[in-house]
Amino acid sequence: MSAGETATGAGPRRARWLLWLPLCAFGLVLAVVLWGLWRPADRTVYSAMVGKPLPEFTLPAIAPGKPGVSSADFRRGTPRLLNVFASWCVPCVAEAPQLLTLRAAGVPIDAVAIKDTPADVAAFLQRHGDPYASVGSDPHSRLQLALGSSGVPETFVVDGQGVIRLQHVGDIRADDVPALLRALAEARSPR
Amino acid sequence: MTAETGLVALWLAAALALAQLVLGALALKPGADAARAAPTVRAVATVQGALALVAMAALIAAFLASDMSVALVAANSHSMKPWLYKFAGAWGNHEGSMLLWVTILGLAGAAVARLEHRLRADTLVATLAAQATIALGFYAFLLFASNPFARLDPAPADGAGLNPLLQDPGLAFHPPTLYAGYVGLSVAFSFAVGALVTRDVGTGFARAMRPWVLGAWIFLTLGITAGSYWAYYELGWGGWWFWDPVENASLMPWLAATALLHSVSVLATRDGLRAWTVMLAVVAFSMSMIGTFLVRSGILTSVHAFAVDPRRGAFILALLVIYIGGALLLFGLRIGTVRQGKLFEAVSREGALVANNLLLTVILGIVLIGTFYPIVAAAMGVQLSVGPPFFDSTAGPVALLLVAVLAAGPVMRWRRDEAGEVAQRLFPAIAATLFAGVGAFVLGGPIAPLPLLGIALGVGLAVASVAPLAKRDLRRAPLQLWGMVVAHLGVAVALIGMAASTAYTQERLVAVGTGDPARVAGFTVRLEGVRPLVGDNWTALEGRLAVTLDDAPVAVLRPQVRYFTTPVTTTNESAILTRWDGQLYAVLGTLGEDGRWQLRLWWKPMVTLIWFGGFLIALGGALALVGHQWRLWRQRRRADDLAEATAWGAA
Numbered sequence: 034m035s036a037g038e039t040a041t042g043a044g045p046r047r048a049r050w051l052l053w054l055p056l057c058a059f060g061l062v063l064a065v066v067l068w069g070l071w072r073p074a075d076r077t078v079y080s081a082m083v084g085k086p087l088p089e090f091t092l093p094a095i096a097p098g099k100p101g102v103s104s105a106d107f108r109r110g111t112p113r114l115l116n117v118f119a120s121w122c123v124p125c126v127a128e129a130p131q132l133l134t135l136r137a138a139g140v141p142i143d144a145v146a147i148k149d150t151p152a153d154v155a156a157f158l159q160r161h162g163d164p165y166a167s168v169g170s171d172p173h174s175r176l177q178l179a180l181g182s183s184g185v186p187e188t189f190v191v192d193g194q195g196v197i198r199l200q201h202v203g204d205i206r207a208d209d210v211p212a213l214l215r216a217l218a219e220a221r222s223p224r
Numbered sequence: 233m234t235a236e237t238g239l240v241a242l243w244l245a246a247a248l249a250l251a252q253l254v255l256g257a258l259a260l261k262p263g264a265d266a267a268r269a270a271p272t273v274r275a276v277a278t279v280q281g282a283l284a285l286v287a288m289a290a291l292i293a294a295f296l297a298s299d300m301s302v303a304l305v306a307a308n309s310h311s312m313k314p315w316l317y318k319f320a321g322a323w324g325n326h327e328g329s330m331l332l333w334v335t336i337l338g339l340a341g342a343a344v345a346r347l348e349h350r351l352r353a354d355t356l357v358a359t360l361a362a363q364a365t366i367a368l369g370f371y372a373f374l375l376f377a378s379n380p381f382a383r384l385d386p387a388p389a390d391g392a393g394l395n396p397l398l399q400d401p402g403l404a405f406h407p408p409t410l411y412a413g414y415v416g417l418s419v420a421f422s423f424a425v426g427a428l429v430t431r432d433v434g435t436g437f438a439r440a441m442r443p444w445v446l447g448a449w450i451f452l453t454l455g456i457t458a459g460s461y462w463a464y465y466e467l468g469w470g471g472w473w474f475w476d477p478v479e480n481a482s483l484m485p486w487l488a489a490t491a492l493l494h495s496v497s498v499l500a501t502r503d504g505l506r507a508w509t510v511m512l513a514v515v516a517f518s519m520s521m522i523g524t525f526l527v528r529s530g531i532l533t534s535v536h537a538f539a540v541d542p543r544r545g546a547f548i549l550a551l552l553v554i555y556i557g558g559a560l561l562l563f564g565l566r567i568g569t570v571r572q573g574k575l576f577e578a579v580s581r582e583g584a585l586v587a588n589n590l591l592l593t594v595i596l597g598i599v600l601i602g603t604f605y606p607i608v609a610a611a612m613g614v615q616l617s618v619g620p621p622f623f624d625s626t627a628g629p630v631a632l633l634l635v636a637v638l639a640a641g642p643v644m645r646w647r648r649d650e651a652g653e654v655a656q657r658l659f660p661a662i663a664a665t666l667f668a669g670v671g672a673f674v675l676g677g678p679i680a681p682l683p684l685l686g687i688a689l690g691v692g693l694a695v696a697s698v699a700p701l702a703k704r705d706l707r708r709a710p711l712q713l714w715g716m717v718v719a720h721l722g723v724a725v726a727l728i729g730m731a732a733s734t735a736y737t738q739e740r741l742v743a744v745g746t747g748d749p750a751r752v753a754g755f756t757v758r759l760e761g762v763r764p765l766v767g768d769n770w771t772a773l774e775g776r777l778a779v780t781l782d783d784a785p786v787a788v789l790r791p792q793v794r795y796f797t798t799p800v801t802t803t804n805e806s807a808i809l810t811r812w813d814g815q816l817y818a819v820l821g822t823l824g825e826d827g828r829w830q831l832r833l834w835w836k837p838m839v840t841l842i843w844f845g846g847f848l849i850a851l852g853g854a855l856a857l858v859g860h861q862w863r864l865w866r867q868r869r870r871a872d873d874l875a876e877a878t879a880w881g882a883a
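Residue numbers (the working numbering), protein chains in the order written: chain A, 34 to 224; chain B, 233 to 883.
Keep in mind that the hints were calculated from the coordinates and are not lab data. Treat the hints with caution; some may be incorrect.
[Unchecked claim] Distance windows between CB atoms, simulated:
no.: 1; chain 1: B; residue 1: P262; chain 2: A; residue 2: C57; range: 27 to 35 Å
no.: 2; chain 1: A; residue 1: R109; chain 2: B; residue 2: L675; range: 48 to 56 Å
no.: 3; chain 1: B; residue 1: G471; chain 2: A; residue 2: A94; range: 31 to 39 Å
no.: 4; chain 1: A; residue 1: A156; chain 2: B; residue 2: L675; range: 21 to 29 Å
no.: 5; chain 1: A; residue 1: R49; chain 2: B; residue 2: W880; range: 32 to 40 Å
no.: 6; chain 1: A; residue 1: A94; chain 2: B; residue 2: T746; range: 28 to 36 Å
no.: 7; chain 1: B; residue 1: G471; chain 2: A; residue 2: R49; range: 44 to 52 Å
no.: 8; chain 1: A; residue 1: A94; chain 2: B; residue 2: A404; range: 20 to 28 Å
Quick reminder that beta carbons are idealized off the backbone N, C-alpha and C, glycines included.
Turn these sequences into a full structure, and let the hints guide you.
Written out as structure tokens, the structure is:
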């Protein structure tokens, strides 16, 4: 019995190919690494949910005079934006004017407030404008995680059948607006 | 001038490394006399190591003097910084840490040149030549792609400051310790290459290599343990291991070195596992180099990635191809000509050690795949990250299996043993495992299977690890045996700490006003106030938390939010109360608009055992190292005495 030596492939005649296994493994690692090194460095975390239906959810209302959000709202035939935001988030302030522009262009926008309080949301909407049709409260980031969103703000284009068509990571800048409008127009036609 | 001195020393060291390589190669030519060349090669290696040290000292001097005309100092230091961080800041950046890397590489080579007298002359020369080859590549990397001594003209008035996360006494000790381990493994690599070149793989080679492996492994263990504790209190997340690529980069060499440590013992005492030992020696340092590449190339995102530059990555990659590829090629070509070692039964100490090696290798494979998988996935167009859920559920069970083997191995006999007798010897340990498992299940409340197994096996291993001392005269037990017992006990202690803190940690996130109590695990924490504070190069808000347990005051915790100006950064300084049965960990968050402070509290039972266990593992290694060297010294002295007596007898 020679458990040790066969396992190591050191037998003089047996399993000589085993001796080249480490070199092959290293070659494999090398190929992977070479590819990784030449890849353009994009560190944005995109959701795996793009192209898939929204997860089922019903979030309670958090903004005064506005209903909460549920996944059923997104299956009424019109494309909508789902904006993931928080009153404590600075880039959310930066994107507020662009959301108002989109609203003015007739885009219905629903929002999910992450880890927020009614008072804070009300103050935020009063100060920075209110583009939302409805605002749901997600105090423990549950929906955010289910959406595959890695931070605030993020905006999802959802078509009339409740399928996520596009994810916008980070705040919406002025030059992002046309692209979002285009995505919404495309979302109107079935895939 | 200091910077130029350093640069000249670096160039000279590179030249000497080249000389060392050429001299070694010439001495190994057929017909050449390696024994005659050995003293010269030894001398060159010593001076080369000394020159690398001079370069490192010059960089440290430039940092201490805040010489802002040196680009590296200007980019990473600031004249207002406390001196300790000026000193340690020398390696808190890409160029400086690479210089530290080659300095330790050079010093390791010098140490081999000075201290190694057991190796055959030709194998020694080949080893030193291999060490010089590695050094040469990394000198070239520094000189051509990462010059730490580059000047700025005109010099800026002051520097940009050091990343505040690194402004911690930990920076002074963690990188040098870890690097001593990482790079110390280069010696094992060079030994393996040397032995392959001269076809000298046997017990003598293993005995000579063992202390070097042991030494590097001790440093690596200490480095990882200290790094884990540093991340735990400095990053303020309350976690002690994040499966971050850079942590994995230090874990992989450790796993390989641990396997090597055990297989080299088999080779030294039983002359088995020849090919495997050589393989592991190559793999261990290869993992160090791959780790360096991972960190330095910025190929993976990580909290440690303070230098991201694909060109540097490409350079290190080329070095990896030469060294790892070359060594593995040599292995494939030569190892077939190495005579097979001694054989053994499956149920035996060797068998258990082979199982230990295979399991460690499996874990190493899992960590390697998990670390590289994001790149593979990206190549296939999928973005993902691999985190604790993957590693915990794959490496965890294998590690527990390893713990079971670890408990059994030391009570087994060499060559062959009876399974029934082994079970008998393990009876107390098996009983303790069951007892602890049932106890934790019944008394401890709901618990996931993995932590439960961890606690049970940890207690069992603690009992099993002292079993080799049973029925022995403790005063006469060799130090190596004590080393093994202490190290294995350390594994048990760390495992219990990991499992218990995972299972029973309690966390509270609360918003509190002054005077409001927050409760966690029986403690009442009351925010008494928040006051501003001024440090050397930061200002802070410090919370004063009065901690009471059963209405009796226990301690006052003072977590801080620190604001650094150069560069502008905020860090959370956690406050930790250490008790015998765990730690209360407090982090001060932000002030809400309602005037209440966010406060995050954790009670982490047994968590200190993790690092205490890590320390015990390293201590065990140190005992074994001293034990082996002591025996060697005694043997040599006895031989000398004998020679002297013979000489007297002759006279």
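These are the hints, each one checked on the structure:
1. Under the hint 27 to 35 Å, the C-beta atoms of P262/B and C57/A, about 32 Å apart, fit the expected range.
2. At roughly 54 Å, the beta carbons of R109/A and L675/B sit within the given window of 48 to 56 Å.
3. About 35 Å separates the C-beta atoms of G471/B and A94/A, a value consistent with the hinted range of 31 to 39 Å.
4. For A156/A and L675/B, the hinted distance range of 21 to 29 Å is not satisfied, since their beta carbons lie about 49 Å from each other.
5. Between R49/A and W880/B, the C-beta spacing of about 56 Å breaks the proposed range 32 to 40 Å.
6. Taking the beta carbon of each, A94/A and T746/B are about 32 Å apart, inside 28 to 36 Å as hinted.
7. At about 46 Å, the CB distance of G471/B to R49/A agrees with the hint of 44 to 52 Å.
8. Checked against the hint of 20 to 28 Å, the C-beta distance between A94/A and A404/B comes to roughly 54 Å, which is inconsistent with it.
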